[in-house]
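*Asks:* Sequence:
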Amino acid sequence: MKFRYRFLIVLVVFIAALIYFGGDIKETVFETSASTTPMSGASLPTVSFEVNGTEINRLHGYVSNLDEMIMRETITPITSNRTFTVLIAENESNVKKLRYEILNTDGREVESDSFTVLDVTEGPKKVRIALKETMKSGQEYICKITLITNKSKRIYYYTRLKMYDDGKLDAKLNFAQEFSSVLLGSSDTAKQGLKKYLESSRSADNSSFAKVTIKSSFTMVTWGNLEPKVIWEETPTITEFYDSMASIELKYLISLDLEGGTEYYIVKEHFRFTYTEKRTYLYTYDRTMETLFDVANTSLMRDEFKLGITNDTNARTGASPNGQYLAFVYGRELLIYEPATNTLMKAFTFREDNGDYSRDYYDQHAVKLINVYDNGDADFMVYGYMNRGEYEGRVGIVLYRFIKADNRIEEQMYIAVNSSFQLLTADMTDFAYLGDRNIFYFSLYESIYTFDLTTKKLTVIAEGVPAEHLVYCEEEHYLAWQDNEDDLKSKAIYIMDLTTGEIHPITTSEGETIRLYGRINNNIIYGFAYLNDISILADGSRLLPAYKLCIEDGHGNVLKTYTESGYYVNGVEITENMLTLKRLKRLLGSPV
Numbered sequence: 013m014k015f016r017y018r019f020l021i022v023l024v025v026f027i028a029a030l031i032y033f034g035g036d037i038k039e040t041v042f043e044t045s046a047s048t049t050p051m052s053g054a055s056l057p058t059v060s061f062e063v064n065g066t067e068i069n070r071l072h073g074y075v076s077n078l079d080e081m082i083m084r085e086t087i088t089p090i091t092s093n094r095t096f097t098v099l100i101a102e103n104e105s106n107v108k109k110l111r112y113e114i115l116n117t118d119g120r121e122v123e124s125d126s127f128t129v130l131d132v133t134e135g136p137k138k139v140r141i142a143l144k145e146t147m148k149s150g151q152e153y154i155c156k157i158t159l160i161t162n163k164s165k166r167i168y169y170y171t172r173l174k175m176y177d178d179g180k181l182d183a184k185l186n187f188a189q190e191f192s193s194v195l196l197g198s199s200d201t202a203k204q205g206l207k208k209y210l211e212s213s214r215s216a217d218n219s220s221f222a223k224v225t226i227k228s229s230f231t232m233v234t235w236g237n238l239e240p241k242v243i244w245e246e247t248p249t250i251t252e253f254y255d256s257m258a259s260i261e262l263k264y265l266i267s268l269d270l271e272g273g274t275e276y277y278i279v280k281e282h283f284r285f286t287y288t289e290k291r292t293y294l295y296t297y298d299r300t301m302e303t304l305f306d307v308a309n310t311s312l313m314r315d316e317f318k319l320g321i322t323n324d325t326n327a328r329t330g331a332s333p334n335g336q337y338l339a340f341v342y343g344r345e346l347l348i349y350e351p352a353t354n355t356l357m358k359a360f361t362f363r364e365d366n367g368d369y370s371r372d373y374y375d376q377h378a379v380k381l382i383n384v385y386d387n388g389d390a391d392f393m394v395y396g397y398m399n400r401g402e403y404e405g406r407v408g409i410v411l412y413r414f415i416k417a418d419n420r421i422e423e424q425m426y427i428a429v430n431s432s433f434q435l436l437t438a439d440m441t442d443f444a445y446l447g448d449r450n451i452f453y454f455s456l457y458e459s460i461y462t463f464d465l466t467t468k469k470l471t472v473i474a475e476g477v478p479a480e481h482l483v484y485c486e487e488e489h490y491l492a493w494q495d496n497e498d499d500l501k502s503k504a505i506y507i508m509d510l511t512t513g514e515i516h517p518i519t520t521s522e523g524e525t526i527r528l529y530g531r532i533n534n535n536i537i538y539g540f541a542y543l544n545d546i547s548i549l550a551d552g553s554r555l556l557p558a559y560k561l562c563i564e565d566g567h568g569n570v571l572k573t574y575t576e577s578g579y580y581v582n583g584v585e586i587t588e589n590m591l592t593l594k595r596l597k598r599l600l601g602s603p604v
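Note that this note's numbering has the sequence shown beginning at 13, numbered continuously upward.
There may be inaccurate statements among the hints.
Stated by the list, open to error - Heads up, simulated DSS-like pairs for lysine-lysine below, C-alpha to C-alpha not over 27 Å straight-line:
1) LYS148 x LYS108
2) LYS180 x LYS138
3) LYS501 x LYS594
Hint data in this document are derived by calculation from the structure and do not stem from the laboratory. Predicted model, so just to flag it, every value in this text is computed and none were measured.
Make the full structure from the sequences, and use the hints.
*Replies:* Okay, here's the thing in structure tokens:
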């Protein structure tokens, strides 16, 4: 199977195109049985905070303890009275007890306490917390909230606390919310008043509303001819907070009445600014919008899917070998199209469309398409925070197979990860492969793993392999990596045939090192350097001149060798099918 990457405003489906397409993991928990039951609905409570009557920072719960030190998604500012209220939206749970823990940034507990959560007739349950210990103004603390249900289930929530005598929380929130409201409003006079905050630039990309910044044109920032209507607003999220500076994120659902009908979009706005009583200085304004793709409202009469406005410039598609099925991932959902019957089906989504927007549009996960089969089945991976289902409230990696005949998904592998989605994404590469041998290959935390779907055995193939020293060729089904992340200590490059599992080494001679530069077309590029030629520059950087450069396919065949007496390669730049070399020349009697 082959994939294409391209910017998709409209994804056009042609039959000819289908034919072309052809914690630490060592401490994780493994579930070895395949799951075939329907995915259950979301059930965990959400939590937000009320400070001086203002609600902020909606949190989604985890059912396993995470490392508090890595959870940095929100900051909850409190005043010198050291009180705040926890708002509990129970959803399908029944919360009976709350425990909080305050820790300083080195992990030492400052204080903790527990409360009985009283029942209410309507609205969220509330627990008012008055901190006992004195907090230093402006210093960051960790707050861990544990909810305990009537079934003794524990759910964990994490935020950071900062105390200021007068942090002007309300004024800062009002600035962001009023700014957003004016942009959405109809008053041209009010919109003109926002020009002083913008830094519109001629070099800005004003081609799409998918991504708008402080440098975009005034027309783009003010929504142009679009007339968005707000359907739902999420509680504001604070990601940075200082005495005068703040970073605030707003998220809301809008509708647009367009020629083809009403379309819905999730919009996110990010503000970073300094607030003073005299003036507010806006440093960052970013706005993204993404279409909610609705299968029921999709017209397939002209063999096209109108995706609308999207910031996803790498929408991924794949086709079955016989060209009868096309699959694509969009908006964290997997969809499969069958041209012969002109039908489109949703193979995977966390969205329930029951009006619970906070949980439906919580986007701390991603979906990766791996294989599409001739019978319409598909392999795909979901990683990040699990919004619902058997692993609701966990961060992990799940390998699924969509069974078209039964219109269901079947779990193939599950790995729990002691991390947030942001950190997990940073620690994962784009490499994932599942072939005919029922062996799943993937890379995480700078290690390469195999997972046998039959025996449920996890094997470490290599460790200490950062993304820049890893090359995956999807078309030729091979993986190459450098044996040491330190270029001075690298003695081999390994090429693995993913269809057989065989590994071919490329080794150096004594006194040499080898470096993997990347790939061009379906071939890898690597170079050999003498250790005696390596030098350290005045700024501490290394000069690693290669005396020989090689281009090799994934089967051990050297296709081209570059070497020239007296010249060395100090850098390789790969742009599509072009290879640019940065060369050095040895002067007589001098080092390189």
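*Asks:* Now, for every hint given, state plainly whether the structure supports it.
*Replies:* Going down the list of hints, with the structure as the test:
Between the alpha carbons of LYS148 and LYS108 the distance comes to roughly 32 Å, so the proposed pair goes past 27 Å and is violated. In summary, the hint linking LYS180 to LYS138 is supported, as the alpha carbons are separated by about 24 Å, within the 27 Å threshold. Between LYS501 and LYS594 the CA atoms are separated by roughly 22 Å; this keeps the pair inside 27 Å, and the hint holds.
Violated hint for the displayed structure: number 1, the only one.
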